[in-house]
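Number of protein chains: 2
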Amino acid sequence: MNSPNNPLKIFTILFLLVTLQSTAQKKALYNHTSSEIVVIPSKILNEDRTIYIHYPKLDSMNLSKRFPVLYLMDGESHFDMLSQYTDYLSRWDVNVIPQMIVVGIPNTKRTRDLTPTKSIINYFGQPDTSNISRMKPSGGSDQFLQFIQDELMPYIETNYKTKPFKIFAGHSFGGITSIYCMLTHPDMFNAYISISPSFWWDGEYVLKPTDKKLEKGSVLNKTLFYCDANEGVTDTGSFHTNLLKFDTLLTHKELKGLCYKYKYYPAESHMTEPIVAYYDALRFIYRDWKSSDAK
Amino acid sequence: MNSPNNPLKIFTILFLLVTLQSTAQKKALYNHTSSEIVVIPSKILNEDRTIYIHYPKLDSMNLSKRFPVLYLMDGESHFDMLSQYTDYLSRWDVNVIPQMIVVGIPNTKRTRDLTPTKSIINYFGQPDTSNISRMKPSGGSDQFLQFIQDELMPYIETNYKTKPFKIFAGHSFGGITSIYCMLTHPDMFNAYISISPSFWWDGEYVLKPTDKKLEKGSVLNKTLFYCDANEGVTDTGSFHTNLLKFDTLLTHKELKGLCYKYKYYPAESHMTEPIVAYYDALRFIYRDWKSSDAK
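The listed protein sequences correspond, in order, to chains B and X.
Okay, so the first sequence: first residue is 21 according to the numbering used here, each after it adds one.
Okay, so the second sequence: first residue is 21 according to the numbering used here, each after it adds one.
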């Protein structure tokens, strides 16, 4: 308890600051939605992983209520957004999706965790010698998914009131990781959100298993939302071209039990797209949901 | 300092809870964006008004930076949403609107504050005898706007680093209050957001001053975003019919300096609409914004 960053010290400082402020100006901190931070020491990734967990307000009339879980990549970027969306959309007077738990996974080494293969070729098709530290290491998606499956999910399921229904959501590198997970670890999640997946990675590596792993007419029983925005064109193609390829491929496969939707946002950029796309994705996944539903 | 609700006691309890939790499970509270609560004793409304204030993270390189202010009605419903949108959209890597201060005004007596006239006729054109307490009192918008102008704005401008540019935003009853403010107190704000304004109130009362107060070809120098959703039709008309009337009226007036946009959301309900509309409204108000802009 004596390290400089221990929670006791941080909260003593916070406590004093708030007390001083409140005496002077009758102010208090605004009480945001219920979220907490937990640190999971990962043996698989050989590092401590900080996790953000947002959970619905407990219903005192129904303390045994359980919730589906949305696992979100790039937690540091989109956790507030998804926490706010799931809270608002599940309010009694909005009520178009169920209350859910949002598990935000902030990055430590983003490219390592959110790419399936080793590559130093950047988005423009060039070796990324100018910024090796960002592009290397890469190719750690399998270990990252193993961390989620074997270390993160058991923690969440032990410590929170979860239902079995699980969503995996990501943007850009997180977008390919979401689809890669559906193809290679199909038992982990029930629904996937893939916002502008970086299909360009390593010569469109993730498009290849899509073709190979999905047998024509096979049964998948999944929900998938994917999309892209106005993101320009490079020598190696564009997000839009790749998404159209993926969409055609899925249609051609005539999979059974795969409910999917592709949406193109020409008015949005790569970075504004998540705001509209995460909303549309949640509405799509729960398009037939009624508050009496089990999932 | 000895009242049961004083901040010192509340934060002592919070502090102990957090400390206990962190010892047991290595958890900490998630650090949401910077927001605080202040109570303003209003002489005009003769009551204490709780106000939520969200402000951008201070830039240590530019501590004198000032921010536009968005004043938001129905603070208890949409403050989290607007705080998250303004934070996300002004991030360095998104950067499509400026950082801004969001001032959320939660309701005490909603119908009193957010309607311009006394009326007991409800949305279905019937006297609201079944629920008098909700419909009465009404007609207090003038006092509510006076509270904002004479008590709230001076507080915000004294205590926060504000720029002169101000936005007034509301939904439903808040929507007519936003437009009513533009018509009757035109010096208070620079831009207005009116999501599904309840033009049905009191025989379309707010549509009348729109016609009377806006002289054809006059100069307004304002920005206005208004919209409606799939909200059904009653004997007294519909949101959609009234919005079309308002839109035609504005077009006919040929006002100078009024940048306005009308958007119809057929896929949204009255309650899901704010999610997409507040986003579109912010993008519209700042459609030509560059990070070097003064406003």
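Because the hints were derived from the structure by calculation, they are not lab data.
Hints should not be assumed to be uniformly reliable.
Intra- or inter-copy, both count: the list cannot distinguish identical chains.
As the list claims (entries may be wrong) - Restricting the straight-line Cα-Cα distance to at most 30 angstroms, the calculated cross-link-like pairs of lysine-lysine (DSBU-like) are:
| hint | residue 1 | residue 2 |
| --- | --- | --- |
| 1 | Lys236 | Lys283 |
| 2 | Lys228 | Lys273 |
| 3 | Lys181 | Lys242 |
| 4 | Lys129 | Lys77 |
| 5 | Lys63 | Lys129 |
| 6 | Lys283 | Lys310 |
| 7 | Lys183 | Lys242 |
| 8 | Lys281 | Lys233 |
| 9 | Lys283 | Lys233 |
Hint check:
1. Proximity of Lys236 to Lys283 under the C-alpha cut-off of 30 angstroms is restricted to the intra-copy arrangement: shortest distance 23 angstroms within a copy versus 42 angstroms between copies.
2. In the homo-oligomer, the alpha carbons of Lys228 and Lys273 lie at most 30 angstroms apart inside one protomer (14 angstroms), although the nearest pairing across protomers, at 58 angstroms, exceeds that limit.
3. For the homomeric pair Lys181 and Lys242, the shortest alpha-carbon distance inside one copy (23 angstroms) is at most 30 angstroms, but the shortest distance between copies (49 angstroms) is not.
4. In this assembly of identical chains, Lys129 and Lys77 lie within 30 angstroms of each other by CA distance solely across copies; the values are 25 angstroms between and 32 angstroms within a copy.
5. Taking CA atoms no more than 30 angstroms apart as the test, Lys63 paired with Lys129 passes inside one copy only; the shortest distance there is 16 angstroms, against 55 angstroms between copies.
6. Taking CA atoms no more than 30 angstroms apart as the test, Lys283 paired with Lys310 passes in both settings, with 24 angstroms inside one copy and 28 angstroms between copies.
7. For a Cα distance limit of 30 angstroms, the shortest separation of Lys183 from Lys242 inside one copy, 16 angstroms, qualifies, whereas the shortest one across copies, 49 angstroms, does not.
8. For the identical chains of this complex, Lys281 and Lys233 are intra-copy neighbours only, at 20 angstroms inside a copy versus 47 angstroms across copies, given an alpha-carbon limit of 30 angstroms.
9. For a Cα distance limit of 30 angstroms, the shortest separation of Lys283 from Lys233 inside one copy, 23 angstroms, qualifies, whereas the shortest one across copies, 43 angstroms, does not.
Against the hints set out earlier in the document, no violation occurs for any number.
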